[in-house]
Amino acid sequence: MELYDLQNYWWLLISVLGALLVFMLFVQGGQSMLLSADDTPVECEMMVNSLGRKWELTFTTLVVFGGAFFASFPLFYSTSFGGAYWLWMLILFSFILQAVSYEFRGKPGNIFGTRTYDTFLFINGCVGCILLGVAVAMMFFGAHFTVMMGNILDTGSPVISQWAPTHGLEAIFDWKNLILGVAVLFLARTLGSLYFINSISGDERFLKRNRRRVAINGGIFVVFFLTFVALLLTADGLESCNDAEGTFTTGHCFEVRPYKYLHNYLEMWWCAVMFLIGTVAVLYGVYSGAFTKSRKGIWPAGVGVVLVVLSLFFVAGYNGTAYYPSLDDPASSLSIRNSSSSRFTLTVMSWVSLITPLVLGYIAYVWYAMNRRPITPREMETTEEKY
Amino acid sequence: MNDLMSVVDWSRAQFALTAMFHWLFVPLTLGLSLIVAIMETIYLRTRSERWLAITKFWMLLFGINFAIGVATGIILEFEFGTNWSNYSWFVGDIFGAPLAIEGLLAFFMESTFIAVMFFGWKKVSPGFHLAATWLTALGATISALWILVANAWMQYPAGMEFDPVQMRNVMDNFGEVVLSPVAINKFFHTVLSGWVLGGVFVIGVSCWFLLKKRNRDFALRSIKVGGWVGFAGIILTLYTGHGSAVVVSQCQPMKLAAMEGLYNGTNGQSLVGFGILNPEKTPQNDADPMLWEVSIPKGLSCLIDWRNPDGFVPGINDLIDGKMLDTAGNPVPAVSYAERIAMGKKAHDALRDFDRAMVEGDTLAMNTARASLNENYRYFGYGYLESPYDAVPPVALTFYSFRIMVMAGGYLLLFSIVFLYIAYRRPAILSRKWLSWVGMLTIPVVYICSQSGWIVAEVGRQPWIIEGIMPTTAAISKISVASVQLTFWMFAAVFTALLAAEISIMLKQIAKGSKTNYESLKD
Chain A
0 MELYDLQNYW WLLISVLGAL LVFMLFVQGG QSMLLSADDT PVECEMMVNS
50 LGRKWELTFT TLVVFGGAFF ASFPLFYSTS FGGAYWLWML ILFSFILQAV
100 SYEFRGKPGN IFGTRTYDTF LFINGCVGCI LLGVAVAMMF FGAHFTVMMG
150 NILDTGSPVI SQWAPTHGLE AIFDWKNLIL GVAVLFLART LGSLYFINSI
200 SGDERFLKRN RRRVAINGGI FVVFFLTFVA LLLTADGLES CNDAEGTFTT
250 GHCFEVRPYK YLHNYLEMWW CAVMFLIGTV AVLYGVYSGA FTKSRKGIWP
300 AGVGVVLVVL SLFFVAGYNG TAYYPSLDDP ASSLSIRNSS SSRFTLTVMS
350 WVSLITPLVL GYIAYVWYAM NRRPITPREM ETTEEKY
Chain B
0 MNDLMSVVDW SRAQFALTAM FHWLFVPLTL GLSLIVAIME TIYLRTRSER
50 WLAITKFWML LFGINFAIGV ATGIILEFEF GTNWSNYSWF VGDIFGAPLA
100 IEGLLAFFME STFIAVMFFG WKKVSPGFHL AATWLTALGA TISALWILVA
150 NAWMQYPAGM EFDPVQMRNV MDNFGEVVLS PVAINKFFHT VLSGWVLGGV
200 FVIGVSCWFL LKKRNRDFAL RSIKVGGWVG FAGIILTLYT GHGSAVVVSQ
250 CQPMKLAAME GLYNGTNGQS LVGFGILNPE KTPQNDADPM LWEVSIPKGL
300 SCLIDWRNPD GFVPGINDLI DGKMLDTAGN PVPAVSYAER IAMGKKAHDA
350 LRDFDRAMVE GDTLAMNTAR ASLNENYRYF GYGYLESPYD AVPPVALTFY
400 SFRIMVMAGG YLLLFSIVFL YIAYRRPAIL SRKWLSWVGM LTIPVVYICS
450 QSGWIVAEVG RQPWIIEGIM PTTAAISKIS VASVQLTFWM FAAVFTALLA
500 AEISIMLKQI AKGSKTNYES LKD
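Listed in order, the protein sequences are those of chains A and B. Just so it is clear: in the first sequence, position 177 is 176 by numbering that gives the first Met the number 0, and no numbers are missing. Just so it is clear: in the second sequence, position 118 is 117 by numbering that gives the first Met the number 0, and no numbers are missing.
Just so you know, these hints were derived from the structure itself, not from any lab. Be a bit skeptical, because a hint or two may be false.
[Stated by the list, open to error] Counterexamples of contact, computed for chain B against chain A with all Cβ distances above 12 Å: (1) T265; (2) R306; (3) G321; (4) M342; (5) L384; (6) E466; (7) V493.
[To be verified] Cβ-to-Cβ under 7 Å is the rule here; a few derived chain B residues that face chain A: (8) G80; (9) T81; (10) F118; (11) K122; (12) K477.
We put the CB at the ideal spot given by N, CA and C, even for glycine.
With the hints as extra help, turn the sequences into a complete structure.
Below you can see the structure in the form of structure tokens.
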């Protein structure tokens, strides 16, 4: 394949990983409900144990998302991580706390007590979702950075990518970014409740409470998500300059295009279709979880989330769009053309990526085998194999 | 410039802190996952309830250790971006690939099957459960393979070329990256050292059972499995360690010189067995490098090539001066560090000229600049150095860490042999208290040995983040010193607290395990 096709292919893979990550944030959403006073200790235990058998998948998806971005678009990795230092550090700290909490919370001798580890899970649930939303929002609303390759030869100050002195804190407190962050949090909480409905049985009160939570969190999510969509469709975007033949250039020339993302949806009609189908699927999942007796609302909602997030990544990166617009220097903006790895590296990794169906296959099989029988209060009382 | 140096130092400290914490947990994961898989295999063959209980006990300790290993591991990957952003762009085309492949091939395997391993006893068939346990162990090993390939590439950059248009390195041969001699030795040496640590851990904890005179059969069976894994591990670790030293002599001779505290090499170079370095010694003065030493004549020359005991091994000053000799003592052409710095600066100038010519569209000037760049690029990183002495790593830390690692490694070989012998031939001796104490006190020894190995590998290659191509000073992110200091202390506090919790939980579980009556279970 040519470099152009490889760049498209790797943006597709990044988009798939990002979409799956957002779906898997149901773990974080579930964690954000752990400190609720409404739930009894047994119910809390069921929540922790149903989430605890999936947390590593979410964690791994995040790590692979980062690794794949590093390998395929290293200029994004160096610019965003080295620049928005505090944003990423806070995300990482929250995930450190999560990684030990499931294993340590119920074990004797854990020093800090079960409540502390549950609080860690709560923090990861809230902070992780909001800040990941903020990080993704910068792909649409831009960030304060510059990229100067020539700096590498300045021995006194050799850094290529430079960021605003607040190093990501300014992004966290940008209201547009926060809109998406809060939307992601309430989406995750909705998915978390849908997951509980699907994977826990034998407690009708708990079931009803989660149906109510789906309705409330789903409603709040819809409000914030629609606000984000309104902002997105009315936002200006940076587009690669056209050459004499009218095709997008691959370098660092960008120009502002009003309503860029709206145009992207119109020009890439299949993205708009994905977005609409996905939105309907999410709403159907919320409806069936909140207002019907179905326990399977997580699946249409999950498929819908994946479709919507995929379409958002597509309009962020395809059609000559700068997926990481610089607010300080448009020429420093990143597109999938100017920030990617070389053709050789993308080719090698593309061969490796052919194993993806096998990976998805064994994940699906293990998911089925482990979730075939829902968790029940009785299981929590009798089994020793629990968190 | 001072601010830049502080950021570099604090970023190095933060990376070292994270890596050393991470390496407390990873080798135990590598070793214990294998041991648990072997134990479960025995259980499935014998259907013995005792083996099932033994498997579950060690699996529990594995899980506690695994969680904190995951917590520290995520930071390492992202710190390449947060703290070493220039590096991430300059070589991301090469370095990122192993990390992505690690995630796809290994992390998903581990994270998927570990859930089956812990919670699937009653949810899947025994055969599938055993497969999940082995796949978790395999996932951990594959993960180690790819991250060690990435680390080896930093020590021995291969399979790449420099692209002046993008001012970065790009991969041109994946096979050379994966199969470099450094990568192969590093993978086996590191993973096998994890087996040693796992084996010693199992023996040490079993000795606690023996000291308390509880569950003797449980302890004996564990010692046998741990002992064999540890023994196989240490034999192969020593073998691959020798291979690593030979490769270091070829690819990173300055690191070898620092490991030996060797300033002026000779033909038939001796090997320092034990020694105390002279703290006054620097490359610039004539002080004796050693205050006291016990050396093996011609040992270092033999170690590098046993067929050539009179071979010349260059010291720090020899390398700086570009002095190399053949076996007969005749000079061999070599590039001094002053010349390397000059060539590195020429490469910088050529790149600047290329960039300017590209902007101006001057093809002829671009070609001229590219030719000069290609001629001098090998020493591109030296262009950032001010003096040849900047290329000398911290000698004392490298020298002493190397000796601690080697001596502890020798002790661990003896330890494995003795415990295996006693377990099979003289099991009655296992009830001796002193032996139990030896077993338990060897656990910190194996950890110190393991950490020392990484100190040799990483401190010994300073100042380079990529050998000869990029020093740490050029690899940094543009962040304030205060930010890095703050995150350093945050990491230090969080990791220390979590380590304390982990040790506390482990001790409680071990104490609980020792009080459980396994002897009453059906065999």
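The hint names B/K477 as touching chain A; please verify it with the least Cβ-Cβ distance against 7 Å. This interface hint holds because 4 Å falls under the 7 Å limit.
Decide, holds or violated, for the assertion that all CB atoms of chain A are farther than 12 Å from the CB of B/V493. Its Cβ does come within 12 Å of chain A, the nearest being 6 Å, so this is violated.
Would the non-interface assignment of B/R306 survive a Cβ cutoff of 12 Å against chain A? The claim stands: B/R306 keeps its Cβ more than 12 Å from every Cβ of chain A (closest is about 38 Å).
Quick check on B/K122 please, does its C-beta sit within 7 Å of some C-beta on chain A? Hint holds; B/K122 Cβ to chain A Cβ min 6 Å, cut 7 Å.
Next item in the hint list is B/G80. Is there a CB on chain A closer than 7 Å to its CB? OK, holds: B/G80 within 7 Å of chain A, min 3 Å.
Can you verify the interface hint for B/F118: is its Cβ closer than 7 Å to any Cβ in chain A? holds, 5 Å
B/T265 remote from chain A - nearest C-beta pair above 12 Å: Holds, since 36 Å exceeds 12 Å.
If we take the beta carbon of B/G321, is the closest beta carbon in chain A still more than 12 Å away? At about 23 Å from chain A, B/G321 clears the 12 Å cut-off, so the statement holds.
For the hint on B/T81, does the least C-beta distance to chain A fall short of 7 Å? Holds, because the Cβ-Cβ distance from B/T81 to chain A comes to roughly 5 Å (cut-off 7 Å).
Mind verifying the non-interface call on B/L384? Its CB should be farther than 12 Å from each CB in chain A. Since the minimum Cβ distance to chain A is about 9 Å, B/L384 lies within 12 Å and the statement is violated.
Checking a non-interface call: every C-beta of chain A should be farther than 12 Å from the C-beta of B/M342. Is that right? holds, 15 Å
Measuring Cβ to Cβ, find out whether B/E466 lies farther than 12 Å from everything in chain A. Per Cβ check, B/E466 is outside 12 Å of chain A; nearest 18 Å; holds.
Violation of the numbered hints given earlier is confined to hints 5 and 7; the remaining hints are satisfied by the structure.
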